[in-house]
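Student: One line per chain: the protein sequences are A and B, in this order.
Residue 336 in numbering that gives the first Met the number 0 sits at position 337 of the first sequence; the count goes up by one each step and never skips.
Residue 57 in numbering that gives the first Met the number 0 sits at position 58 of the second sequence; the count goes up by one each step and never skips.
These are calculated hints, taken from the structure and not from any lab test.
Cβ atoms here follow ideal geometry from the backbone N, Cα and C, with glycine treated the same way.
Some hints could be false.
Claimed, not checked - Pairs of lysine-lysine, DSS-like flavour, derived with a Cα cap of 27 Å:
| id | chain 1 | residue 1 | chain 2 | residue 2 |
| --- | --- | --- | --- | --- |
| 1 | B | 25 | A | 488 |
| 2 | B | 113 | B | 77 |
| 3 | A | 273 | A | 284 |
| 4 | B | 25 | B | 180 |
| 5 | A | 419 | A | 391 |
| 6 | B | 265 | B | 25 |
| 7 | B | 77 | A | 391 |
| 8 | A | 391 | B | 128 |
| 9 | A | 296 | A | 284 |
| 10 | B | 25 | A | 419 |
| 11 | B | 128 | B | 2 |
| 12 | A | 488 | B | 128 |
| 13 | A | 116 | A | 133 |
| 14 | B | 183 | B | 230 |
| 15 | B | 105 | A | 391 |
| 16 | B | 230 | B | 128 |
| 17 | B | 115 | B | 180 |
| 18 | B | 113 | B | 128 |
Unchecked claim - With beta-carbon atoms standing in for the labels, derived distance ranges:
| id | chain 1 | residue 1 | chain 2 | residue 2 | range |
| --- | --- | --- | --- | --- | --- |
| 19 | A | 476 | B | 77 | 22 to 32 Å |
| 20 | B | 153 | A | 408 | 46 to 56 Å |
| 21 | B | 60 | A | 489 | 36 to 46 Å |
| 22 | B | 203 | A | 408 | 33 to 43 Å |
| 23 | B | 110 | A | 289 | 49 to 59 Å |
| 24 | B | 227 | A | 489 | 49 to 59 Å |
| 25 | A | 436 | B | 153 | 25 to 35 Å |
| 26 | B | 61 | A | 364 | 54 to 64 Å |
| 27 | B | 13 | A | 324 | 20 to 30 Å |
| 28 | B | 240 | A | 330 | 50 to 60 Å |
| 29 | B | 179 | A | 408 | 31 to 41 Å |
| 30 | A | 361 | B | 63 | 54 to 64 Å |
| 31 | B | 77 | A | 361 | 24 to 34 Å |
| 32 | B | 63 | A | 324 | 51 to 61 Å |
Claimed, not checked - Take a look, some chain A residues computed to stay more than 10 Å from chain B by CB distance:
| id | residue |
| --- | --- |
| 33 | 205 |
| 34 | 209 |
| 35 | 252 |
| 36 | 414 |
| 37 | 425 |
| 38 | 492 |
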Amino acid sequence: MKSPRPLWLAFLLIFLASLTGCHDGAPAIHTLDEAAHSRMGVMTGTTSEALAARLFPKADIKHFDDILDAIAALKAGQLDSVLTGYPTVFLATKRNADLTYLPDILSTEDTSIGVRKGNTELREQLDSIITALKADGTLADMRRRWFKDDLGPYVEVDLPTPTSGVPLRVGIIATREPISFLDPSGRVTGHDAELAHRIGQKLGRPIQFSILRAPALIPALVSGKIDAAITGMSATPERRERIDFTQRYYELRQQLLVRVDNAQREQGPSMGEKLAGSVRSNLLKENRYLLLVNGLKTTVLISIFSALLGTLLGASICFMRMSTSAWLRRPAIVFIDILRGTPVLVLLMIIFYVVFASIDISPLIVSVIAFGLNFGAYSAEIFRSGIEGVDKGQVEAGISLGFTRIQTFIHIVLPQMIQKILPVFKGEFISLVKMTSVVGYIAVQDLTKASDIIRSRTFDAFFPLIMVAVLYFLISWIFIKLIGLIELKTDPRRRRQRETQP
Amino acid sequence: MIKIDRLNKHFGNLHVLNDVSTTIQKGDVVSIIGPSGCGKSTFLRCLNLLERPDSGHVLIGNEDMLAIGTNVSAVRQKMNMVFQSFNLFSHLTILENLTLGPIQLKGVDPSAAKEKAMELLRLVGLAEKFGHFPEELSGGQKQRVAIARCLAMDPEVILFDEPTSALDPTMVREVLSVIRKLAKDGMTMLIVTHEMDFARDVSNRVFYMDAGGIHEDGTPEQIFQNPQKAKTRAFINRTRSLSFPIETEDFDFYGMNAQIEAFCEKQILSKRLRQNLLLLVEEVLQVHRPLLGRGRLTLTIEYSERLNRLELICTQDGPDRHPLEGDHLPDEFGVLIIRSLVESLDYSHADGQTRLSMIVRAGAPLGSV
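Chain B extracted, bound-state conformation (with noise of 0.2 Å):
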């Protein structure tokens, strides 16, 4: 029903979207989701022309919006939007912002566009506000009538932008249950949205998107439970990271735990886990020494907010061989207090580099008093 190919579009050097291409199905409901300022907002606005694509094609049905000739007003009036904003026209009542499009567009009698549009607001739960002006309203009641509006104008498709970012966590649920309602009679629908847990349970198809594309296509079971690619799985797992490349033993060792302890601040991680961090670190370290004439060794720090796990990654070039085992260690000393600080360690050699990965425990170090 939608065909996207390769959509571009700049604002000015910015390359906001970079040969989009994918297909929408009647019935669709797709999220969409993605860092700030990914090009998100502007797939969006680029399929109902608010913005004018540099290049590309977008198919409504049959209709192509960026050829020349084409109705754009009577195509936009099958697939209208929903703002994040809300954008209701504050000189009219809730009801004539429901029957100014019927009446002016599409020639429907005044009574019989009155009589739809008390029907949508008692589907949006809001009939009684009819006569009321869209400023004494809160947000999540706005923008159900922001919904009602589009719904009053019978759309094939809906797109959204980022409806719930404007509101206050008390309302986006009420917003959410009447998208969701739309769903499950079996609107199409392009949601933008940041509420992951809604684009969950509501979506049929995800579209992650960054730099300028989509990222990654799938279901949400996959998209969220199982991402293919890693910008979506950190993206998904709202993981920030930290990398240390080490190439020799005289690396600045007071510099990068300073720079340790301010990823830590900034995550917000207890004392614990970062002074277990700390050690870690420093023992990991010791452990390698022996190893640092052998090829470049990478630490990594990545906290993900969404599992409150905190994990450090080291790589390094050269032969399968476990740093952790073998008679270069000087002693047991520093693995038993490796093993201690960790909940657990996995060992991996993959490309020719070695790959050693824990997960820093979050309580006392095991054993100790």
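Bound conformation, chain A alone (with noise of 0.2 Å):
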């Protein structure tokens, strides 16, 4: 690549069309009347995503995994309004000047924590514990001090934990902001987790945060990896039927966000300055950058430790499919059947949520072991191709001349495969640096989930979204480069300048 110019033009374009919003046209909406007829956004697996479709029947109603998601779409024009619960709706609206709620309270749930199915003694030990906090005024003081109207910063209590013991581990959404999120420092902060905190106190437990995604809790539950879910979960009937729920510690309303009509809106600030405001409050504000430079390095990490891990997989598994013995060759096909035709993040969540259910694993491991796996079945076709590519001739001149069938694979099929296959090799390895960006799914906080939670925080969609487009470009860009080295290494012609008089 002889300059990277025109990818960048291409990023600035897409940056400032952003800066400028895209719905211009698109009607706002006043009443609820007008909303039964609209594009209405809400989070998979929430009650909001129930509640919609009970309320509004004759609404086009769109699912989205991330309520951050769903405001973008509305900002952008997509959708009309999103139904989400009251602090989601306070915070959006106070940070993004163009949007804006509808004051009827749709509905009122009670928000508990989830726990396993039969679990009787834990649900029991934490309903006591919430009746004493509702009982000594701990509660009405936390909701004061979280679910506040207005932008200060929150008020935290410092409150000493318990170090040793069996951990409780505890579930949470970190884009729920002021329930639970992370602050600067990447801790878990808010509402509910000042709530666990204060559980592992009077446990005699240290907690330990388990970052999911929504759809994510019921199952980590149901399979061991969590003991309880404590993030604003409302304790549905359908719900009932998978987890147990205690009772409730506060109540959630549910409320309607929608867009600031055009004519109502003031004049705008400039361009220049809008972008200024989201280079500090995405960026600057709380070192948000941190956040992104510990996503960098975990992507960057996984990337690598799964292309190693899946380089060596893929040799074996390229010497086994080669094998004459059937009983070697067999599995290899199947093994690379089923990992090319799984897509990873199936892959990822079937061996975090199943394989691993019940053993306490980083999900680091598990998401270089999924990466690993899925690109070993791929470079063992690579691999395959390469060293079939090989004249075979070449190899018979080797054995002729008296090495044997591994020193005629060592000195003269390897260097001309690792030839043949890099330009391809390169290739998949990128696109498995992109695709680590679904590791999110399994609380790692790679590059991309950096950015989700920068977006759950400032509510701003597109900048964050670009910055890390562009930040994933430049790690693709910078190991094609590296990978070019190699290439240009293995490349004879280039030795042969070395080369001197014999």
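Assembly of the complex is requested from the two constituent chains, each provided in isolation within its own frame, with the hints serving as guidance.
Tutor: Shown next as structure tokens:
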């Protein structure tokens, strides 16, 4: 690649387009009646989803994995309203001048702690703790401090929690300010996080948070990955069939988030001010760029280790695949076919929630295993095509010179094979880097997840996405250059230049 | 030095090598000739076990290649092979092609290996190409490098598997002269080749292989000038033939003529020669007509490309009786025409068969205007 300039230009154009906003022309909604026939966004796996279907059967309901994506779609004019809980509605409107909400309270829900079905002991313990916290006014105080009507800093209470003992594993969604979210240092905080710490204090157990996506909460409880879900969960009858709930610890109001009319909107800030504001809120405020830096590290780490594991695995599978023994060959073929025919996200979730269900294993390692397996299946086939591409005559020549089969492979096949496969291998590796963006599903904070977290605080959909796109591009570009260097190193024509007179 | 005992090899149902046995002495230069698909290359590849024989023994020196426990790779170091398609290592320079084996297999010091390699490249006339890659060389140059690569391993025997078959005619000579030089220096070599002239002057033994075996084994003089067996002779003379058995007077004369014409066309015979042949066949049949009741008559047409000679042979079961002499002839006219159409005419009788062989005249018939 001579110059990446056209790509930079493309990024810049997308970025500028994002700043101007693209929703002009879509009429804003003012009443519930209008909303009933509009495009409405909800978050998958939440009570809003069920509520929307019940209250607005005629609405065109769109389902999002993350409430932030729904809000971004609303801002972009692809939705007319978003149904969600009050704290989110409040923060989204405070941080986005072009959003507001309808005053109607559509439902009031019990927010409870979810535990595994049959774990009566823990549920009763939690119930009595909640009762006690209600009785001494702690919960009311927490509500005042976290669910407040201004944008000032949150008042946090320092809680000494036990450091030894069996940890209580708590599942949370990290993008639900002020219920549960990450502070600048990446620590889990929020109303429910404080509640979890208070529970840990009373139980005499340290708290271990597991950051999950909403659809993963119940599977994580059922499979025993977490002990309790304390993250603004509504106790619906449907959920009660799969897990148990404690008594409620607060009520959650569901409201409709809508866009402000173009006409009503005052003249917005200039594009330069918008850009400066985006940089301030998304990167500088609370040192949020650190989240990106750490996410970047995680992404690079997972990519490199998966590639290493996958390459080793691929070499072994390739050896089996090319064996004359059917006992080795058949399993290799089956492995390759299954791994190549399964989406890597599904594989990742299966390994995390099924294979290692009851084992306490770092999701980082699970990611490396899942992507390593996937990469192994692909690289096995790449290796095979590389080996088969080497002239059989040269192998015979090596053998007839007196090399053993292994020596022939090392001195004659391998150097030629590497040269042949590197271009394909490079592409496969880059696509691996990009594929790792789904590790957020099993609570790994990679680059994509870092942008999600930033978006959850700033409610700015576009800037963090563009930042992440640029960063992914940079990682890929650097890796392309590095592998390109290896390619040059192994090119015999380059080597000749170093050759001197014998 | 090489002893081959009852070697057998099958490819599926095809019996490629059928009980091949022979002994090769040190210093022998053996050319292996024979028609395509007769097992020449397979025979060679069975010696260094690139193909594994189904049964038999291959003794190189005292080592039985097929015995369990033989270090086959070590034996191969002493018995290298030159291939039809050169098979140079394409990722290595010419020099590295020559030094890889000695450095990796024999533990030769790299600088000594380079020196020796340059010496060998000088021997094959390619010293200035040492830093090039194989793909930058012509076919003939590649094959000379391949020979030098073998020599770098100090082999006792070199096996050549059709070393010039993939070369342009202009490049054949340069490769053959290198092989000639090796023969002069006393290298033991087995050469599968289609270059008959080369085989004749380079080797001290020639194997004619046919039907999965060594059909005839002899000195070049014997094989090329006086082959003992019919198949060898046909191969050496590059003879093509066509036979017609005739039992009664009512055979398909026109069908036979059509086949003869097709044969002549395929061998690219001159128009005159073809006409002479057809006339001759007609007259010979005329002469034989009264004798047809006595026994089966077989007409054979043989064309030797090497000698540029067309021969018509008539064999018939029966007593010793010259078909062109005697009172069965209606008149002398037919015999006269026959004699005017042939260069020479030869009659013999053996095993109760008369044999009349005539070499067809290439020019105008004698006495014609």
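Student: Look at each hint and say if it fits the structure.
Tutor: A quick look at each hint next to the structure:
1. B:25 <-> A:488: violated (46 Å)
2. B:113 <-> B:77: Holds, at about 20 Å.
3. A:273 <-> A:284: Holds. Residue 273 of chain A to residue 284 of chain A sits at ~15 Å (cutoff 27 Å).
4. B:25 <-> B:180: Holds: residue 25 of chain B and residue 180 of chain B sit about 17 Å apart, inside 27 Å.
5. A:419 <-> A:391: holds (15 Å)
6. B:265 <-> B:25: violated (44 Å)
7. B:77 <-> A:391: Holds: residue 77 of chain B and residue 391 of chain A sit about 22 Å apart, inside 27 Å.
8. A:391 <-> B:128: holds (25 Å)
9. A:296 <-> A:284: The hint holds at about 21 Å.
10. B:25 <-> A:419: violated (43 Å)
11. B:128 <-> B:2: Answer violated: residue 128 of chain B to residue 2 of chain B is near 39 Å, above 27 Å.
12. A:488 <-> B:128: Given pair residue 488 of chain A, residue 128 of chain B holds - Cα atoms ~23 Å apart, limit 27 Å.
13. A:116 <-> A:133: Status holds; Cα separation ~24 Å.
14. B:183 <-> B:230: The hint is violated at about 31 Å.
15. B:105 <-> A:391: holds (24 Å)
16. B:230 <-> B:128: violated (45 Å)
17. B:115 <-> B:180: holds (18 Å)
18. B:113 <-> B:128: holds (14 Å)
19. A:476 <-> B:77: 22 to 32 Å: Given range 22 to 32 Å: violated, Cβ gap about 54 Å.
20. B:153 <-> A:408: 46 to 56 Å: violated (25 Å)
21. B:60 <-> A:489: 36 to 46 Å: The hinted range 36 to 46 Å holds for residue 60 of chain B and residue 489 of chain A, with Cβ atoms some 40 Å apart.
22. B:203 <-> A:408: 33 to 43 Å: Holds - the Cβ-Cβ distance for residue 203 of chain B and residue 408 of chain A, about 39 Å, lies within 33 to 43 Å.
23. B:110 <-> A:289: 49 to 59 Å: Roughly 56 Å apart at Cβ, these two residues keep to the hinted range, so it holds.
24. B:227 <-> A:489: 49 to 59 Å: Holds: the Cβ-Cβ distance is about 58 Å, inside 49 to 59 Å.
25. A:436 <-> B:153: 25 to 35 Å: Hint violated: Cβ distance 59 Å, outside 25 to 35 Å.
26. B:61 <-> A:364: 54 to 64 Å: holds (58 Å)
27. B:13 <-> A:324: 20 to 30 Å: At 26 Å between Cβs, range holds.
28. B:240 <-> A:330: 50 to 60 Å: holds (58 Å)
29. B:179 <-> A:408: 31 to 41 Å: holds (36 Å)
30. A:361 <-> B:63: 54 to 64 Å: At 59 Å between Cβs, range holds.
31. B:77 <-> A:361: 24 to 34 Å: At 57 Å between Cβs, range violated.
32. B:63 <-> A:324: 51 to 61 Å: violated (27 Å)
33. 205: Consistent with the label, residue 205 of chain A stays out of reach of chain B, its closest Cβ about 58 Å off (over 10 Å).
34. 209: With a cut-off of 10 Å, residue 209 of chain A remains clear of chain B, as the shortest Cβ separation is near 51 Å.
35. 252: holds (71 Å)
36. 414: Residue 414 of chain A not clear of chain B: closest Cβ-Cβ about 5 Å, inside 10 Å.
37. 425: holds (19 Å)
38. 492: Contrary to the label, residue 492 of chain A does not stay out of reach of chain B, its closest Cβ about 7 Å off (not over 10 Å).
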